[in-house]
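Student: Chain by chain, the residues:
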Amino acid sequence: MEDQEKLIKDVTSGDYKFGFVSPVDMDFLPKGLNEDIIREISLRNDEPDFMLQFRLKSFKQWRKMKMPHWAYLKIPPIDFQNIIYYAAPKNKHFQNEETGEMNSELSDTFDKLGINLDERKSLSGGGVAVDAVIDSVSVKTTFQKSLAEKGVIFCSINEAIRKYPELIKKYLGKSVPPSDNYFAALNSSVFSDGSFCYIPKGVRCPMELSTYFRINAAGTGQFERTLIVADDDSYVSYLEGCTAPQRDENQLHTAIVEIIIMDHAEVKYSTVQNWYPGNKEGKGGVYNFVTKRAICRGEGSKISWTQVETGSAITWKYPSCILKGDNSVGEFNSVAVTNNYQQADTGTKMIHIGKNTKSSIISKGISGGRSDNSYRGMVKMLPGASNSKNFSQCDSLLLGSKCGAHTFPYIEVGNSTSVVEHEATTSKIGEDKLFYCNQRGISTEDAIALIVNGYAIDVLKRLPMEFAIEAQKLLQISLKGSVG
Amino acid sequence: MKQESDLLPAANRFVSLFDEITDSCPEWIKNIHENSILRFKEKGFPGSKNESYKFSHDEFSLIGEFDYEETEEVPFTRSQLLSEKNIDRGALTVITINGRYSESLNSDAAFPEGMIVGNLCETGVQEQNMISSFLNVQAGKSEDALVDLNNAFFRDGLFLCFPSNVVIDKPVCILNVNYSKRPAFSAQRNLIVLGTGSKVSILYEDVSAFSEKMFSDNVTEIFIDSYSSLNFCEIQDLNDESRSVHSIFTNQKDNSFLQTEINPVRGAWIRNNLKVAIDGEFSEAKLYGLSVIGEDQHFDQYTKVDHIKANGSSDQHYKYMLEKNARGSFYGRIHVFRDAQKTNAYQKNNNILFTEKAVMNTRPQLIIDADDVKCSHGATIGQIDEEALFYMQQRGIGKDEAKMLMMNAFAGEVIDKFKNDKIKKYMTDMVTRKLGGAKE
Numbered sequence: 001m002e003d004q005e006k007l008i009k010d011v012t013s014g015d016y017k018f019g020f021v022s023p024v025d026m027d028f029l030p031k032g033l034n035e036d037i038i039r040e041i042s043l044r045n046d047e048p049d050f051m052l053q054f055r056l057k058s059f060k061q062w063r064k065m066k067m068p069h070w071a072y073l074k075i076p077p078i079d080f081q082n083i084i085y086y087a088a089p090k091n092k093h094f095q096n097e098e099t100g101e102m103n104s105e106l107s108d109t110f111d112k113l114g115i116n117l118d119e120r121k122s123l124s125g126g127g128v129a130v131d132a133v134i135d136s137v138s139v140k141t142t143f144q145k146s147l148a149e150k151g152v153i154f155c156s157i158n159e160a161i162r163k164y165p166e167l168i169k170k171y172l173g174k175s176v177p178p179s180d181n182y183f184a185a186l187n188s189s190v191f192s193d194g195s196f197c198y199i200p201k202g203v204r205c206p207m208e209l210s211t212y213f214r215i216n217a218a219g220t221g222q223f224e225r226t227l228i229v230a231d232d233d234s235y236v237s238y239l240e241g242c243t244a245p246q247r248d249e250n251q252l253h254t255a256i257v258e259i260i261i262m263d264h265a266e267v268k269y270s271t272v273q274n275w276y277p278g279n280k281e282g283k284g285g286v287y288n289f290v291t292k293r294a295i296c297r298g299e300g301s302k303i304s305w306t307q308v309e310t311g312s313a314i315t316w317k318y319p320s321c322i323l324k325g326d327n328s329v330g331e332f333n334s335v336a337v338t339n340n341y342q343q344a345d346t347g348t349k350m351i352h353i354g355k356n357t358k359s360s361i362i363s364k365g366i367s368g369g370r371s372d373n374s375y376r377g378m379v380k381m382l383p384g385a386s387n388s389k390n391f392s393q394c395d396s397l398l399l400g401s402k403c404g405a406h407t408f409p410y411i412e413v414g415n416s417t418s419v420v421e422h423e424a425t426t427s428k429i430g431e432d433k434l435f436y437c438n439q440r441g442i443s444t445e446d447a448i449a450l451i452v453n454g455y456a457i458d459v460l461k462r463l464p465m466e467f468a469i470e471a472q473k474l475l476q477i478s479l480k481g482s483v484g
Numbered sequence: 001m002k003q004e005s006d007l008l009p010a011a012n013r014f015v016s017l018f019d020e021i022t023d024s025c026p027e028w029i030k031n032i033h034e035n036s037i038l039r040f041k042e043k044g045f046p047g048s049k050n051e052s053y054k055f056s057h058d059e060f061s062l063i064g065e066f067d068y069e070e071t072e073e074v075p076f077t078r079s080q081l082l083s084e085k086n087i088d089r090g091a092l093t094v095i096t097i098n099g100r101y102s103e104s105l106n107s108d109a110a111f112p113e114g115m116i117v118g119n120l121c122e123t124g125v126q127e128q129n130m131i132s133s134f135l136n137v138q139a140g141k142s143e144d145a146l147v148d149l150n151n152a153f154f155r156d157g158l159f160l161c162f163p164s165n166v167v168i169d170k171p172v173c174i175l176n177v178n179y180s181k182r183p184a185f186s187a188q189r190n191l192i193v194l195g196t197g198s199k200v201s202i203l204y205e206d207v208s209a210f211s212e213k214m215f216s217d218n219v220t221e222i223f224i225d226s227y228s229s230l231n232f233c234e235i236q237d238l239n240d241e242s243r244s245v246h247s248i249f250t251n252q253k254d255n256s257f258l259q260t261e262i263n264p265v266r267g268a269w270i271r272n273n274l275k276v277a278i279d280g281e282f283s284e285a286k287l288y289g290l291s292v293i294g295e296d297q298h299f300d301q302y303t304k305v306d307h308i309k310a311n312g313s314s315d316q317h318y319k320y321m322l323e324k325n326a327r328g329s330f331y332g333r334i335h336v337f338r339d340a341q342k343t344n345a346y347q348k349n350n351n352i353l354f355t356e357k358a359v360m361n362t363r364p365q366l367i368i369d370a371d372d373v374k375c376s377h378g379a380t381i382g383q384i385d386e387e388a389l390f391y392m393q394q395r396g397i398g399k400d401e402a403k404m405l406m407m408n409a410f411a412g413e414v415i416d417k418f419k420n421d422k423i424k425k426y427m428t429d430m431v432t433r434k435l436g437g438a439k440e
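Chain order of the listed sequences is Z and P. In terms of our numbering, the first sequence is numbered consecutively and its last residue is 484. In terms of our numbering, the second sequence is numbered consecutively and its last residue is 440.
Careful, some of the hints might be misleading.
What the hints assert, rightly or not - Rough simulated footprint, nothing fancy, chain Z against chain P, three-plus residues with beta-carbon under 8 Å:
{"hint": "1", "stretch": "347–355"}
{"hint": "2", "stretch": "362–368"}
{"hint": "3", "stretch": "380–392"}
Claimed, not checked - Computed spacing ranges between beta-carbons, pair by pair:
{"hint": "4", "chain 1": "Z", "residue 1": "I78", "chain 2": "P", "residue 2": "D372", "range": "34 to 40 Å"}
{"hint": "5", "chain 1": "Z", "residue 1": "N387", "chain 2": "P", "residue 2": "D372", "range": "40 to 46 Å"}
{"hint": "6", "chain 1": "P", "residue 1": "K324", "chain 2": "Z", "residue 2": "P200", "range": "45 to 51 Å"}
{"hint": "7", "chain 1": "Z", "residue 1": "Q393", "chain 2": "P", "residue 2": "S79", "range": "55 to 61 Å"}
These are calculated hints, taken from the structure and not from any lab test. Every residue gets a Cβ at the ideal spot worked out from N, C-alpha and C, and that includes glycine.
So here's chain P without its partners, still in its complex pose (with noise of 0.2 Å):
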């Protein structure tokens, strides 16, 4: 447990490698750099005193001494990159390196027809009132001091845009690369909007290049507007030194459907932000993750849905595993405004502790203002149940067999739930192989 003031030092050598790095963008986004220094500077890093950060402060201390990172050329070729990792992402593959969009690198894609993918800086020269119509407008409004950081220093990002009624039938893959030779901070940005109509999945991976310790702070901020629909998934397999911090911004309008999948397989103090504004009639969100956490892992969920129009409806469904000496963190807030009458917004988190030493923490709240709605939350924390086990080894099941079958069926709750089914039978395996070596 830190104080805000422990962590002054770290915030102080941010504020003072802001002067220290240049800065190209447009004018108007560097106004947005200069504000967001500012409001990092008066805030600091969040200490125990946050509520948000109550459980996730600690590491901030660390980062302190690390050094800013803005490559975006690497030694790679496309095809390297692509056969490196073992989910099979189709075709549709942006590469982004710490965060920025590679023109080098995609320059073989084929992208479907509608669909724009670029940088953040150069689509905000040539298509301002666009860019500035969406940039920052949720994440602006963030009280979270690690929104400032990064609005502070990213220096760029990836712009991917999906116009009115334009439909992908295979998912968008972004394959996000964490690359850095030296232990660094780097702020990655990106901005997803979609037009009306249309229909989109994605799927985030976000991936290290080398197992140097790395600070990532992202933010992507997603605009689904009326009668679209958007498929997120996240995978974030990063190297055992990794730190990263990723807040989601979405926005809906009328109509629209949202479901992300967020899921940290690997790295070493993971935080997400999920922030859901609701912010049309008849519109849909639903929220699904999955947490293995092993030894000397630290996971955070945060969510946050805002219920603002009528008619909408929610379902977060969050489960976590934890093993050793794993540390895993939920908070989940659903607000739902005066005016969303009629709203449906349920939410769950269970938990499964299988030792000692493993903590969890699970603050699961509602805040109510309007009164014809139907909310409920439920969180457990448990293990596995010894009568089930004992029922499979007397029908000659081994336990260690019998343990996998329940932990399957724990994570297969969540799975289930999911878009794809590449993803799915990833995430089976993953759970398969992680918790395969997790005998008492």
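If we strip away everything but chain Z, and leave its shape as in the complex, we get (with noise of 0.2 Å):
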């Protein structure tokens, strides 16, 4: 029998590669969810009395909420008062600043993550902008100065509190107020850090940016908050990434992504989740729990959402788009991945307010296993949205005989000149592709690979270059024993 244990722990550990623990001092706040923890987080933070004020009274709001029950998701009962809302590094320097020595601990953690924190050697790899983010702090911010050159403002929430309330206080909760729902009132009460980006009129960012989340602390949940804003006819790109540790516990992480986009600016914004899905017996793993809300605030403004969702043990996702601006334009392109335990609610929501609106969704879910993957999305055609269109595409594959491949699009349209689209398609994958693959000398588990990435590609060909081919290796990951 613990032969066995440990045959199952050795097979699963082999798969996800970031389970590690890094031994990283850390600084607690003790366990539990009270006024008294908010104010400590605030203090810590060193922030404003508005940042408090704002932090009690969502604090407020989400006492007076309920757990949301409606997804197709079974989530256990979470207690939130036996969770750590605060864990940060002792020592947060990434680097001392006066001896230029660099904090073994944490560079350790992210070189092992494959996270290139070295401007100078990531500039040679195309550069792009970090900021990495380890529990509960940001710990470094790369090309800060050369970003500020061209006005472009790339820092942790924090610093941002500190330096820039006015613009804090002009855009944090506009896009995600407190009150929109359960997790978001929750984050809004104890996010402790983030990050923040602010692109200029005019300026098109001249480099990737990106934001890199790892859970490294036990019995800690992570509540991170990103807001960006991009001005008159600015461009950026960003990214972001995650990890955690391998644990039998499950851990909470509830984030909020903030987009404002003003008239003609655009903001490609991609997502890599590969929190820990958990183990194959289903013990452990991250529950995701996220809301990622961009608005299109000026005329011809665009925002493009990309993910692909690979881990955690449970997904509630649904990154959507408001688009207010006449002739803006909102793209969601997802690729869901479930295997053994795991269970994905994910989709979009594109409210089309303004004239000429244009919106797309490409949602390709993959489940094996014995997982349960759902589309959710709905699209909105509110009665000024004249002359608006959307279209929907989400196809399922299934992979195994007991997982679940779910689709839930609402459709209200409320004016005689938009044009709505919705097509969904479910099947397995053709056991005919399968043995032509066979034939000419692919292995069935090759086979499949080959199959399943050539269903997602039109999703990962949207992704920048160093995410898509890490994309597609974790598809691989991800399915590794799904069939047979």
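Using the hints, put the two chains back together into the complex; each one sits in its own frame.
Tutor: Take a look at the structure:
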């Protein structure tokens, strides 16, 4: 019996390669959620009073709300008092500013994750500015200076709250108000760090910006907040990545991403979500409850969400677009993979308010093992959204007889000039296709990887280069052992 | 939008009404009534938080004032009633008043051999074993509060049985007359059973006798045994003040076939729930519907298809045409159970909005728990193709005529699938009549 357990552990640990724990000396707040904890988080972040008030108001709101149960998910009860809401490395400085000496605890962690926080090395590799967040704090933001030359502000959200309170006051909570939903209220009360990005008028951000989230400490939840503001005629491509150690306990990740886009600006937001999905028996894994929303406020503005979701035990995530400006465009491209006992309920909302707005949804769900994978999406054309268009395509691929694939679209049209088209298909990989590959000497497992990659290519090709390669590898790993 | 709590007074009124009306049904049916009122009391009317009634619940607040109607005697003769309507429905007509089988109105009818027609309660005494193995078997499992309400209030109903190997060539028409001289609520119940190897076509016509406000809460349970085939067509031609919820439950055994054609034609507010259980292998269900919705009308179709057993197939196609301030809603869920391998399930919902004030909501959903399946759904909401219109105008066809041609073509895709030629003609004429005045 012990041998068997060891074997299972060996096999499972082989698949999730970011499951290590770094020996970082951490500073914790006690477990539990109450006003004192919120005040303490605010104090530790050295925040102005308006932020504390924002948090307390959100907390008040959260206490009135109830855990949502409408998703096609089986969420075990979560004890919100048994979570550590703040955990920070004792030595937060990634590099000693005077001596230039690196903080080996942190740099080793990010080296191991393959995240390059060394600007010189990064430049030769194409140049991506990174904001690295470990548990509750941002430890390093690269290329800040060179971005500042163009007027781009890229820093941790705590730094932004202190340095640019006016911008924060103007935009924080405007896209996702604290009362929006249960998890948004929770995040608004306790978020400890995250990234802030402001692209000024007419600036095309010279490099891709990215945030890397890492949960390291045990018993903690991660509550980060990202705010991106793209002023008139600007452009930015933003990447988000995440990993967590392999543990038998479930960890909570509740984030908010808010994007505000002005006239003729464009934001491209790409995510490769690879939180620890739990082991092959469904033990452990991250509960990923995320609210992401972009408002296309300006005329002709554009948002493009691209996501590859392979991790997390439970995913509850609906990156959405509010197309307020006339002629604005929203795109949502998603590949969601679930295996073993993973559950995902993910999709988008396209709210058309402005005239001539356009949106497209491409969602590819892949389920294996005993997992459940749902697409849930809303397309709403308000009466004023004349001549607007939406096209949605949601395909599901089933790789085993015990998994489930579900589609829940909601379409509401309130004017006579808009056109909405939705189509969805569900099927398994054709045996003829597998047979064709087998005939040519390709093993069944490789053939599945090949077919799945082909199936997801519409979405993968929209990812920036580095991400696309990583995502393809991830797809292969995630689906290992999903068939037969 | 009304919350569940806003609808509480109306629900309470029905709970107290339950004690006021007499119940002379057999004891075992009384038990159904009593259990169901408790279930209804617990739930109340569905409000904005209820997913399946999200867009169709405001009306429930109105009916709290209505009286309970159980009239089954009407001052009309059979021939008067049959001559009234414009569908040529053929000879085999069963007349029901507020959902109850009327002995006097059907005494002249010549039903074919093998067909059993009668009252639910009367047959429920004589043939308790037979009726109790069907009545409320499907509806009893429903979570729908409106089904509970029907279960609590129906005091009789129509029982229609086609024993094994009965094949009836001509369509059987059920003419249901909603009869009340005051604003009234009525709970109507039908039980239709098809024995092994039978083949039947049913036309269910729901009409109003007067222009009085009525709310009818109807439940029809249909059982289709192995190797049987049923074509069930419904035409709802109610008065402009009528509100109606009709929940149809069907259960199919091996190698059976079902086609439904649900067409709300007239009425202020119509909600049709169609719950299809494909509970046998190699069975097929085809579900079609066409709604042309006009001023101050609200039509809502809810379909749920459960593929429980393997090798089944289902095909759904619903079309809506909305003009003026019409409100339309479609909810379609296909659920393929784990054991229902080799299922093919398709669903299409196409909608045309003619005006700025019309609103359409559609929610096509797939829940797939088996892997060796082919399932798809498609939904569109749009307008008449301007380019096609222009093309026809270029060729000398007037704009109105061109529009009509296109609207008929749009509706024709569903109408062509209907089995009965008389219904096809009736529906085509209805589209032309209703949309003939729909010039912008």
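Student: Would you mind marking each hint as holding or not holding in the structure?
Tutor: Hints and how they fare:
1. 347–355: holds (count 4)
2. 362–368: Coverage by chain Z holds here, the residue count being 7 at a Cβ distance below 8 Å.
3. 380–392: Check passed, 4 qualifying residues.
4. I78/Z <-> D372/P: 34 to 40 Å: Given about 36 Å between the Cβ atoms, the range holds.
5. N387/Z <-> D372/P: 40 to 46 Å: Given about 43 Å between the Cβ atoms, the range holds.
6. K324/P <-> P200/Z: 45 to 51 Å: 49 Å, holds
7. Q393/Z <-> S79/P: 55 to 61 Å: For Q393/Z and S79/P the Cβ distance comes to about 56 Å; the hint holds.
Going through the hint list in order, the structure satisfies each hint without exception.
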